[in-house]
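There are 2 protein chains.
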Amino acid sequence: MEKAGGEGERSAATVVDGGEGDLFLSLRRLEISDNEKGFVELLSQLSPSSTPLSDADFRTRFAELAALGEDHVIVVAENPRTGKIVATGSVFVERKFLRGAGKVGHIEDVVVDAAARGYHLGQRVVRYLTDHAKAVGCYKVILDCTSDLRSFYGKCGFKEKDIQMTIYF
Amino acid sequence: MEKAGGEGERSAATVVDGGEGDLFLSLRRLEISDNEKGFVELLSQLSPSSTPLSDADFRTRFAELAALGEDHVIVVAENPRTGKIVATGSVFVERKFLRGAGKVGHIEDVVVDAAARGYHLGQRVVRYLTDHAKAVGCYKVILDCTSDLRSFYGKCGFKEKDIQMTIYF
Chain V
1 MEKAGGEGER SAATVVDGGE GDLFLSLRRL EISDNEKGFV ELLSQLSPSS
51 TPLSDADFRT RFAELAALGE DHVIVVAENP RTGKIVATGS VFVERKFLRG
101 AGKVGHIEDV VVDAAARGYH LGQRVVRYLT DHAKAVGCYK VILDCTSDLR
151 SFYGKCGFKE KDIQMTIYF
Chain A
1 MEKAGGEGER SAATVVDGGE GDLFLSLRRL EISDNEKGFV ELLSQLSPSS
51 TPLSDADFRT RFAELAALGE DHVIVVAENP RTGKIVATGS VFVERKFLRG
101 AGKVGHIEDV VVDAAARGYH LGQRVVRYLT DHAKAVGCYK VILDCTSDLR
151 SFYGKCGFKE KDIQMTIYF
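Respectively, the protein sequence lines represent chains V and A. At position 138 of the first sequence the residue is numbered 138 (full-length UniProt numbering), and the sequence of numbers has no breaks. At position 58 of the second sequence the residue is numbered 58 (full-length UniProt numbering), and the sequence of numbers has no breaks.
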């Protein structure tokens, strides 16, 4: 069950029904040990083309992103009973020349494990990333999503603005 | 007048009518001296909130982006007669964990000076950035735009996919 809710739970843990008792899920940043905790498998729920990464490949990518410091943040929620990552999302900060050398936060790869949906974990992930973008001085935060997620992101405070166009190589 | 056209002009210069004779405009990467050549003023045609940058602020941002190497490229076209930048666009490369640690190119801030439109400079800028994303191994390149630019980006090979949602702080 969702016990915490509304604005008051911004920094609180989400309490979920773990089957044998409540679980307290708090958000934290991705750690290098999370490759063993199903982080990449969770991403495969977002993009079926995702494949497991070797520990070496995971560590390489982790180090590349860590080198970006506060310009790239990945947040996760771990189920303490199973040791599995059940929600994640990322934000990277684009530095521009326009708007007085302004910065824009880009939210990417938000996903909640199918078995952990209904506890507002997605909203908490998005709020964490949005708060980060604001804290580091971005003048806006943006994301692209399918139109069926318009309502979800609307609840997170987003307004529809433009269209996204793509070339796949 | 546009003399070069079609696929054959991918790496050629654009020939424009400079009023007192043709001008040959080729694309190159942004240089640190371009703050004196109207680069930021050009961006103000894209975002009215853009303001001129001090030389110090320009150099700081330039260095931050240069440190990203091939993960952030800004291309410009300079009018050799006026010494002004008349077209630009940028692409940055996002490194992901999904898709086997895949990479995505994000095209941003494409603008052609109002007086230099009609010579396919915009298409050449977008093609330069798209080619870069492909060359560095991105599995796709994406951009957000207003719906009135759907046709322009369609000519550049893009297909509409998702919606963009935004929070302004």
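The hints are simulated quantities; they were obtained by calculation from the structure and are not laboratory data. We put the CB at the ideal spot given by N, CA and C, even for glycine. Careful, some of the hints might be misleading.
List of simulated lysine to any residue pairs, SDA-like, C-alpha gap at most 25 Å [said to hold, decoys possible]:
{"id": "1", "chain 1": "A", "residue 1": "Lys84", "chain 2": "A", "residue 2": "Gly137"}
{"id": "2", "chain 1": "A", "residue 1": "Lys155", "chain 2": "A", "residue 2": "Ala101"}
{"id": "3", "chain 1": "A", "residue 1": "Lys155", "chain 2": "V", "residue 2": "Phe169"}
{"id": "4", "chain 1": "V", "residue 1": "Lys134", "chain 2": "A", "residue 2": "Ser49"}
{"id": "5", "chain 1": "V", "residue 1": "Lys159", "chain 2": "A", "residue 2": "Gly38"}
{"id": "6", "chain 1": "V", "residue 1": "Lys159", "chain 2": "A", "residue 2": "Asp113"}
{"id": "7", "chain 1": "A", "residue 1": "Lys155", "chain 2": "A", "residue 2": "Cys145"}
{"id": "8", "chain 1": "V", "residue 1": "Lys96", "chain 2": "A", "residue 2": "Gly100"}
{"id": "9", "chain 1": "A", "residue 1": "Lys134", "chain 2": "V", "residue 2": "Lys155"}
{"id": "10", "chain 1": "A", "residue 1": "Lys161", "chain 2": "V", "residue 2": "Ser47"}
{"id": "11", "chain 1": "V", "residue 1": "Lys161", "chain 2": "A", "residue 2": "Lys37"}
{"id": "12", "chain 1": "V", "residue 1": "Lys140", "chain 2": "A", "residue 2": "Ala116"}
{"id": "13", "chain 1": "V", "residue 1": "Lys134", "chain 2": "A", "residue 2": "Lys84"}
{"id": "14", "chain 1": "A", "residue 1": "Lys84", "chain 2": "A", "residue 2": "Asp113"}
{"id": "15", "chain 1": "A", "residue 1": "Lys96", "chain 2": "V", "residue 2": "Asp148"}
{"id": "16", "chain 1": "V", "residue 1": "Lys161", "chain 2": "A", "residue 2": "Thr166"}
{"id": "17", "chain 1": "A", "residue 1": "Lys96", "chain 2": "V", "residue 2": "Phe169"}
{"id": "18", "chain 1": "A", "residue 1": "Lys134", "chain 2": "A", "residue 2": "Lys84"}
{"id": "19", "chain 1": "A", "residue 1": "Lys37", "chain 2": "A", "residue 2": "Gly118"}
{"id": "20", "chain 1": "V", "residue 1": "Lys159", "chain 2": "A", "residue 2": "His120"}
{"id": "21", "chain 1": "V", "residue 1": "Lys159", "chain 2": "A", "residue 2": "Ser33"}
{"id": "22", "chain 1": "V", "residue 1": "Lys155", "chain 2": "V", "residue 2": "Gln45"}
{"id": "23", "chain 1": "A", "residue 1": "Lys161", "chain 2": "V", "residue 2": "Ala135"}
{"id": "24", "chain 1": "V", "residue 1": "Lys140", "chain 2": "A", "residue 2": "Lys84"}
{"id": "25", "chain 1": "V", "residue 1": "Lys96", "chain 2": "V", "residue 2": "Gly118"}
{"id": "26", "chain 1": "A", "residue 1": "Lys155", "chain 2": "A", "residue 2": "Ala116"}
{"id": "27", "chain 1": "V", "residue 1": "Lys161", "chain 2": "A", "residue 2": "Ser47"}
{"id": "28", "chain 1": "V", "residue 1": "Lys140", "chain 2": "A", "residue 2": "Arg95"}
{"id": "29", "chain 1": "A", "residue 1": "Lys161", "chain 2": "A", "residue 2": "Gly137"}
{"id": "30", "chain 1": "A", "residue 1": "Lys103", "chain 2": "V", "residue 2": "Lys155"}
{"id": "31", "chain 1": "A", "residue 1": "Lys84", "chain 2": "A", "residue 2": "Lys103"}
Some chain V residues near chain A, calculated using beta-carbon distances under 8 Å [what the hints assert, rightly or not]:
{"id": "32", "residue": "Phe24"}
{"id": "33", "residue": "Leu27"}
{"id": "34", "residue": "Ile32"}
{"id": "35", "residue": "Glu41"}
{"id": "36", "residue": "Arg59"}
{"id": "37", "residue": "Phe92"}
{"id": "38", "residue": "Val93"}
{"id": "39", "residue": "Arg95"}
{"id": "40", "residue": "Ala101"}
Outcome of the hint check:
In summary, the hint linking A:Lys84 to A:Gly137 is not supported, as the alpha carbons are separated by about 32 Å, beyond the 25 Å threshold. For the given pair, A:Lys155 sits about 30 Å from A:Ala101 by alpha-carbon distance, which is inconsistent with the 25 Å threshold. For the suggested pair A:Lys155 and V:Phe169, the alpha carbons sit about 16 Å apart, so the restraint of at most 25 Å is met. For a cut-off of 25 Å, the pair hint linking V:Lys134 to A:Ser49 stands: about 18 Å separates their Cα positions.
A C-alpha spacing of about 33 Å is found between V:Lys159 and A:Gly38, which places the hinted pair above 25 Å, so the restraint is violated. The suggested pairing of V:Lys159 with A:Asp113 is violated, with an alpha-carbon distance near 29 Å, which exceeds 25 Å. For the hint linking A:Lys155 to A:Cys145, the alpha-carbon distance of about 14 Å falls within 25 Å, and the restraint holds. About 29 Å separates the Cα atoms of V:Lys96 and A:Gly100, which puts this hinted pair outside 25 Å; it is violated.
Using a Cα cut-off of 25 Å, the hinted pair A:Lys134 and V:Lys155 is violated, with the two alpha carbons roughly 36 Å apart. Distance check on the hinted pair: A:Lys161 and V:Ser47 sit about 15 Å apart at the alpha-carbon level, within 25 Å; holds. This hinted pair does not check out: V:Lys161 and A:Lys37 have alpha carbons roughly 32 Å apart, beyond 25 Å. Straight-line distance between C-alpha atoms of V:Lys140 and A:Ala116 comes to about 30 Å, which puts the hinted pair past the 25 Å bound.
Under the criterion of a C-alpha separation no larger than 25 Å, the hint pairing V:Lys134 with A:Lys84 is inconsistent with the structure, at around 34 Å. A hinted pair counts as satisfied when its Cα atoms are at most 25 Å apart, and A:Lys84 with A:Asp113 qualifies at roughly 10 Å. For the hint pairing A:Lys96 with V:Asp148, the CA-to-CA distance comes to about 23 Å; that is within 25 Å, so the pair holds. With a C-alpha separation of about 7 Å, the suggested pairing of V:Lys161 with A:Thr166 holds against the 25 Å cut-off.
Proposed proximity of A:Lys96 and V:Phe169 is supported: the alpha carbons are some 16 Å apart, at most 25 Å. Restraint check for A:Lys134 and A:Lys84: not satisfied, since their Cα atoms lie roughly 29 Å apart, outside the 25 Å limit. Restraint check: the Cα-Cα separation between A:Lys37 and A:Gly118 comes to about 21 Å, which is no more than 25 Å; the hinted pair holds. Among the hinted pairs, V:Lys159 with A:His120 is inconsistent with the structure: their alpha-carbon atoms are about 32 Å apart, more than 25 Å.
Our distance criterion of 25 Å between C-alpha atoms is broken by V:Lys159 and A:Ser33, whose separation comes to about 38 Å. Our distance criterion of 25 Å between C-alpha atoms is met by V:Lys155 and V:Gln45, whose separation comes to about 22 Å. Between A:Lys161 and V:Ala135 the alpha-carbon distance is near 30 Å, which puts this suggested pair outside the 25 Å criterion. Taking the CA atoms of V:Lys140 and A:Lys84, the gap is about 29 Å. The hint is violated against a cut of 25 Å.
Proximity of V:Lys96 to V:Gly118 is assessed by CA-CA distance (about 37 Å); at most 25 Å being required, the pair is judged violated. A threshold of 25 Å between alpha carbons decides the hint, and for A:Lys155 with A:Ala116 the separation of about 19 Å falls inside it, so the pair holds. For the hint pairing V:Lys161 with A:Ser47, the CA-to-CA distance comes to about 15 Å; that is within 25 Å, so the pair holds. Only pairs whose Cα atoms come within 25 Å are accepted, and V:Lys140 paired with A:Arg95 is accepted, the gap being roughly 21 Å.
Between the alpha carbons of A:Lys161 and A:Gly137 the distance comes to roughly 21 Å, so the proposed pair stays at or under 25 Å and holds. Taken as a hint, the A:Lys103 and V:Lys155 pair is broken in the structure, with Cα atoms around 29 Å apart against an allowance of 25 Å. Our distance criterion of 25 Å between C-alpha atoms is broken by A:Lys84 and A:Lys103, whose separation comes to about 33 Å. A distance limit of 8 Å between C-beta atoms decides the matter here; for V:Phe24 the minimum to chain A is near 26 Å, and the interface restraint is violated.
Because the smallest distance between the Cβ of V:Leu27 and any Cβ of chain A comes to about 17 Å, over 8 Å, the interface hint for this residue is violated. A cut of 8 Å between beta carbons decides the hint on V:Ile32: the least distance to chain A is about 12 Å, and the hint is violated. The interface hint given for V:Glu41 is broken, as the beta carbon of that residue sits about 11 Å from the closest beta carbon of chain A, more than 8 Å. Contact between V:Arg59 and chain A, as hinted, is not supported at the beta carbon level, the nearest pair being about 11 Å apart and thus beyond 8 Å.
With a least beta-carbon distance of about 6 Å to chain A, the hint placing V:Phe92 at the interface is held under the 8 Å criterion. The closest approach between the C-beta of V:Val93 and any C-beta of chain A is roughly 10 Å, which is over the 8 Å cut-off, so the hint fails. A cut of 8 Å between beta carbons decides the hint on V:Arg95: the least distance to chain A is about 6 Å, and the hint holds. Interface hint status for V:Ala101: upheld, as the beta-carbon distance to the closest one in chain A is roughly 5 Å, under 8 Å.
Going down the numbered hints, you'll see the structure goes against 1, 2, 5, 6, 8, 9, 11, 12, 13, 18, 20, 21, 23, 24, 25, 30, 31, 32, 33, 34, 35, 36 and 38, while the others check out.
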